[in-house]
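Student: Use the sequences and the hints to build the structure in full.
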Amino acid sequence: DTAVSQTPKYLVTQMGNDKSIKCEQNLGHDTMYWYKQDSKKFLKIMFSYNNKELIINETVPNRFSPKSPDKAHLNLHINSLELGDSAVYFCASSQDAGPSSPLHFGNGTRLTVT
Amino acid sequence: AQTVTQSQPEMSVQEAETVTLSCTYDTSESDYYLFWYKQPPSRQMILVIRQEAYKQQNATENRFSVNFQKAAKSFSLKISDSQLGDAAMYFCAYRSLDSNYQLIWGAGTKLIIKP
Chain V
1 DTAVSQTPKY LVTQMGNDKS IKCEQNLGHD TMYWYKQDSK KFLKIMFSYN
51 NKELIINETV PNRFSPKSPD KAHLNLHINS LELGDSAVYF CASSQDAGPS
101 SPLHFGNGTR LTVT
Chain G
1 AQTVTQSQPE MSVQEAETVT LSCTYDTSES DYYLFWYKQP PSRQMILVIR
51 QEAYKQQNAT ENRFSVNFQK AAKSFSLKIS DSQLGDAAMY FCAYRSLDSN
101 YQLIWGAGTK LIIKP
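Protein chains in written order, with this note's numbering: chain V, 1 to 114; chain G, 1 to 115.
Honestly, I wouldn't trust all of these hints.
What the hints assert, rightly or not - From chain V, some residues computed to sit far from chain G (all C-beta separations above 12 Å): (1) M15; (2) K22; (3) E24; (4) N51; (5) V60; (6) K71; (7) D85; (8) S101; (9) T112.
Stated by the list, open to error - List time: in silico BS3-like cross-link candidates among lysine-lysine, alpha-carbon distance up to 25 Å: (10) V:K40 - V:K52; (11) G:K114 - V:K41; (12) V:K40 - G:K114; (13) V:K40 - G:K78; (14) V:K40 - G:K110; (15) V:K71 - V:K40; (16) V:K41 - G:K55; (17) G:K110 - V:K36; (18) V:K41 - G:K110; (19) G:K73 - V:K44; (20) G:K110 - V:K44; (21) G:K114 - G:K78; (22) V:K9 - V:K52; (23) G:K78 - V:K41; (24) V:K9 - G:K110; (25) V:K67 - V:K9.
Simulated from the structure, these hints should not be mistaken for lab results. The C-beta atom is built at its ideal place from N, Cα and C for all residues, glycine as well.
Tutor: Below you can see the structure in the form of structure tokens.
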């Protein structure tokens, strides 16, 4: 029973392409996140949704667009992929947006742009 | 702005021994939360332990415990009886009570377990 699942696990694509990463959580959580982990393992928040509403939108290129069709899903669409987009992207969820709620992470999607 | 520093890029420990991973942070807030997460080679980030700043008692979870020194702004993780499965990247994280409760992450410490 995977709590936070994201697909695909690996994504290899060429520059200029458009791709999507899907995320689903079955924990009944209200809040979902997208993080980017670079090659040095540094984690950076990209977006956060609470009850389908965007609450955190960090400085990321507008080529990245999150979509939350319902509370259990938060997908990430990336347009016009660039080499610098290569990274591991993590989806996460938490019970609520409060500070005490720990995050539950998916297994990550390794995106390689060639 | 808050910052989190993990000064040890890599640590190694003999199996069954005890190891301590350091984490310091900078903040002007009095209430906040601190977390340790583990990222094994499987890549998934897993919560190890959580500490509430207003609680003086150090959090413990089985073989994992923290040494929380609020005045020194230090939050170290102690792993007792290290096991091969403990090998992973360990990340310290600070969560403010404002700024949309964003998590501020340290750079991580790679823990190697020697059999």
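Student: Test the statement that V:S101 is away from the interface with chain G: the closest C-beta pair must be farther apart than 12 Å.
Tutor: violated, 8 Å
Student: Going by Cβ atoms, does V:T112 stay more than 12 Å from chain G at every point?
Tutor: The claim stands: V:T112 keeps its Cβ more than 12 Å from every Cβ of chain G (closest is about 14 Å).
Student: Between the alpha carbons of V:K40 and V:K52, is the straight-line distance 25 Å or under?
Tutor: violated, 31 Å
Student: Run the C-beta distances from V:D85 to all of chain G and say if the shortest one exceeds 12 Å.
Tutor: holds, 18 Å
Student: Is the nearest Cβ of chain G still more than 12 Å from the Cβ of V:K71?
Tutor: holds, 18 Å
Student: Would the hint linking G:K110 and V:K44 be met if the CA-CA limit is 25 Å?
Tutor: At roughly 18 Å apart (the allowed maximum being 25 Å), V:K44 and G:K110 satisfy the hint.
Student: Going straight from one Cα to the other, do V:K9 and V:K52 come out at no more than 25 Å?
Tutor: holds, 24 Å
Student: Taking 25 Å as the top limit, are the C-alpha atoms of V:K41 and G:K55 close enough?
Tutor: The hint is violated at about 30 Å.
Student: Verify this label for me: V:K22 is non-interface relative to chain G, using a Cβ-Cβ cutoff of 12 Å.
Tutor: Fine: 17 Å to the nearest Cβ keeps V:K22 off the interface.
Student: Between G:K78 and V:K41, does the CA-CA distance stay at or below 25 Å?
Tutor: holds, 22 Å
Student: Would you check the hint for V:K41 and G:K110, treating anything up to 25 Å between C-alpha atoms as holding?
Tutor: With a Cα-Cα distance of about 10 Å, the restraint between V:K41 and G:K110 holds, given a limit of 25 Å.
Student: For the pair supplied as a hint, V:K40 and G:K78, confirm whether the alpha-carbon distance does not exceed 25 Å.
Tutor: holds, 24 Å
In this structure, the earlier hints numbered 8, 10, 15, 16 are contradicted, and the remaining ones agree with it.
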